[in-house]
Amino acid sequence: MNIALAILWKDLVTEWRARERVIAMLLFSILTAVIFYFALPDQRPETLRTLTPGLLWTAYLFAAILGLNRSFALELENEALSGLALAPGGRGWIFLGKAAANFILLSLVQALTALAFALFYGVDFSSSALNLAAVIMLATLGICSVGTLLAAMAVRTRLREVLLPILLLPALVPVLSGAVHGTLSVMAGEGIPFSSVQLLIVIDGIYLVISFLGFEYILDE
Amino acid sequence: MTSPLLRLKDIEKAYGPITALRNISLDLDHGETISLLGPNGAGKSTLLRIVAGLAAPTRGTLEIQGTAHDRRAIGYLGHATLLYPELTARENLIFAARLHGVPKPARRADQLLEEEDLSPVAQRRAGGFSRGMAQRLAIARARVHKPSLLLLDEPFTGLDVPAISRLSQRLIELRNAGQSWLLVTHEVERAAMLADTALIVLRGQVAERLTGGELTPQNLSEIYAKALDLQS
Amino acid sequence: MTPMTKPFSQTKDDSAHTTNGGLSPLEQQATRWRQPFGWLLVVITLVYAWAVFQAPLDHTQGVIQKILYVHPPLAYGAYLGFVITAIGGLLYLWRGREDCDRLAISGAEVGVLFCTLMLVTGPIWARGTWGRWWSWDPRLTVTLLLWFVYLAYLLLRSFSGPGPRTARFAAIYGVIGLVLIPLNYYVIEIFDNRSMHPDNLERGSLGDGMGWPFLLGNLCLGFAFIYLVLLRWEVEARRVFQQRQEALEEPDT
Amino acid sequence: MGYAIAAYFVTAAALVAYGAALARENARHRSTVVQKAHRSSNTG
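Top to bottom, those sequences are chains A, B, C and D. Here my numbering is used: position 143 in the first sequence is 1258, and no number is missing along the way. Here my numbering is used: position 199 in the second sequence is 1352, and no number is missing along the way. Here my numbering is used: position 66 in the third sequence is 83, and no number is missing along the way. Here my numbering is used: position 5 in the fourth sequence is 8, and no number is missing along the way.
For the record, the hints were derived by calculation from the structure and aren't laboratory data. C-beta atoms are modelled at their ideal positions from N, C-alpha and C, and glycine is treated no differently. Some hints could be false.
The following residues of chain A were derived to be distant from chain B, with all beta-carbon distances above 10 Å [claimed, not checked]: (1) A1121; (2) W1124; (3) K1125; (4) P1156; (5) L1163; (6) A1188; (7) L1201; (8) L1256; (9) G1304.
Stretch by stretch, here's where chain B covers chain A in the computed footprint (C-beta under 8 Å, at least three residues) [stated by the list, open to error]: (10) 1126 to 1136; (11) 1191 to 1198.
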C-alpha cells in the first residue's frame, strides 16, 4: 500500500511543479467545448442542452487520453519506468498509485470543463451538481483504471501515444454509454438512474480487477 | 557449501531472430566483484538486464542466493539514471526508499546523501544536475535498499576525468566494505583495476576469464586485443 | 506484500522445445486432428449449399432472405475468435506456453476475418431490404464494436516490439476484449433503449422448412472457423520455427 | 436476387482464398524443412 501512496505523492508533486499536464488537458477540453459550439447545426438553447452530455463526455474522453499518455511519457524520461519495474512486491500497487493520480488530475480538469460548458452552453448544472459529480466520478474511475493499464502498454510500443486511443476507445464504449445516460437524466433533474449506476459500477469493478492483476505482466521487458 | 550470491547457468537470450547471448554460465560469491569487458553489442548489457530482472532469458536458469530471482537483492545502475527531474535529490531518494519498502525512508535518504556527499545539493531538483552529480545520485538510488548485489552498466560513459576517478574510488570503497558488484564496461583499464575477476565477453559468450594475480591492466589488454583479433 | 516476486527462470514450458517443424505436442495433435475434420467440412458444405438452394422463399423478402443462412452463422467465428484469443493469452500468462500464444494469434486473425465478413454481408442484406447500407441492428453493432477491438489487438501485437513482451501485452488486451463482448451486448441490447435500432435484420422467426438450412449454415461456418484456426495455428508455429532457424544459421555480426 | 448471391460469393471467396493462402504457406514451410533435413543428412 505504501508503494501506491508513494507513487501518488510523486505524480502529484511532479504535476504541481511542472503543471504542464493539467494545463494542457484543461485548454484542450475547453477548446473542444468551443469548437463543438461552432460545429453544432444551430445555437438554440434546447439544442445545446440536449447535446451537452454527449459533447461533455467526448471532451472528457480526449482530455483523459491526453493525460494518460502524459502520465507514462513522464515515466519514460530517464527510464524511470524500469525503476518502477525493479521495485519488489506486487505491481498492482504501482498501478493503483498511477491510476489514483490520473483520477485526481482528470477530475480537476473535468470540474473546470463542466464550468466552461455551463458558461458557453448556458446549461445550469448547479441544481444537480452533486449527482452529476457522482456520475462523473463513477465513469472516470472506469476510464482511469483501464486507461492507466493501456497507457502503460501503448507508450512502450513503437506507435507510442497514437496507439492509446485505438486501444482505449473501444474499451470505453460501455462506460461512455452509461456516463451519457446518467448525465442526461441528472441534467433533466431526475437524479441518477439506477441502470447507469449499476452498469458503471460493474464496469469499474471488472476493469479495476483486470488492471490490478494485469499490471504485473506489463512492466517486464 | 552455501549457494553463491549469483548463479547463472547456460543463459541464452534471443530477440526474435537475433541471438544476443549464447549459454553464459557465471558464479559470483558474496563480497566478490566481477567486471565484464567487451566491445559494444557483445551482449553485456543484455546479461545485466537479465540479472536485474528487467529481461527474461530465453533459456537457462538464474539463481540469487540459491532461490529464484529476488528483486530485493539487486541494485541496478544502467545508462539511464531512473531519476525524476522535478523531484529534488532528497525526494528522489525518499521515493526510491518507499518504493523498496525501506523503513524510515527520510533517514535512509539523508544517510545516502551523506555517503555520496550530495548533502549540499539535497534540495536541488535532479533535473538540474550535471552528469557526474546525477551519476552519484543514481548510485545512491541504486543502493537505497542495501542490495547484496550492485549492477553497474557502463557507469563511466559520459563522465569527465575527475568524476571517473571519484567513481572508481567509490567502487573500490564499496568493494572493501564487502559490497559485491557486477561491472559492465568496454574500458580495459577500469575492468582490470576495480574488480577481483574480469570476464571478456565476445558475441554473447564468455571468451576469457582472468582473476587474482593474472588480472593486471597490461595482461588484460593483451589478452583482450588477441581475443578481438580472433573474433574479427 | 509478498517479498518474493514471480521467479524469472526461463519459459519453463516444453512447448518451446519443438520437434518436427516447430510444432509443440499440442499443435501436432491439433494438426493430426484437422485432416479428417477437413473432409467432414467439405461434405457439410455440399449439403449446406444444396439446402440453401432448395430452401423455400420467404414470401415477404423473397430470395434476399436467404442471407439469413450465412450472415448470422458468421457470428460464431467472430465471437468465438476472441474467446480463443483470450484463453490462449491467459494460458500463455499463466503457464508461459508459447504454443497457446500462437493459438491466440490464430483465433484473432480468423476471428477478424469472420467479423469483417459479417460487416460485409450484414449491410448487403440491409441494402437489399431497406435500401441503405448501414442499420444499427443490435447484432451488427456489437460486431462492429468487436471489430474495432480486434483491429486494436492486431495493431498492438504488430507494434509491441521483439520478445515476450508482445505476447504479454496481447494477452492482457485479449482479456479486455473478451469482457467487452458481453458488456457491449448488454449496453446495446438492454441498456441503450434509445430508439436506436428500429430495424432488426433477424426479427422474423424461421418459417417451416427453413430450420434445416439455418442449422447447416451454423454447422458449416462453425466448422470452417475451427478448421481455419487450426490451419493458421500450424502456420504460425512453422513461421516462428523458421525465423528461429534462420537466426541460428547465419552468424549474427 | 443479386444481393443474396453477392453475400454468399463474398463469404465463400474470402474463406477459400484465406484457407488456400494458409495451405500454400504451410506447404512451403514443410518443403523447406524437408530440404534442410535432406541437405544436412547427405552432407552430415
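We went through each hint and held it up to the structure:
| no. | hint | result |
| --- | --- | --- |
| 1 | A1121 | 4 Å, violated |
| 2 | W1124 | 8 Å, violated |
| 3 | K1125 | 5 Å, violated |
| 4 | P1156 | 45 Å, holds |
| 5 | L1163 | 40 Å, holds |
| 6 | A1188 | 13 Å, holds |
| 7 | L1201 | 6 Å, violated |
| 8 | L1256 | 25 Å, holds |
| 9 | G1304 | 44 Å, holds |
| 10 | 1126 to 1136 | holds (count 4) |
| 11 | 1191 to 1198 | holds (count 6) |
The structure fails to meet hints 1, 2, 3, 7 from the earlier list, while all remaining hints are met.
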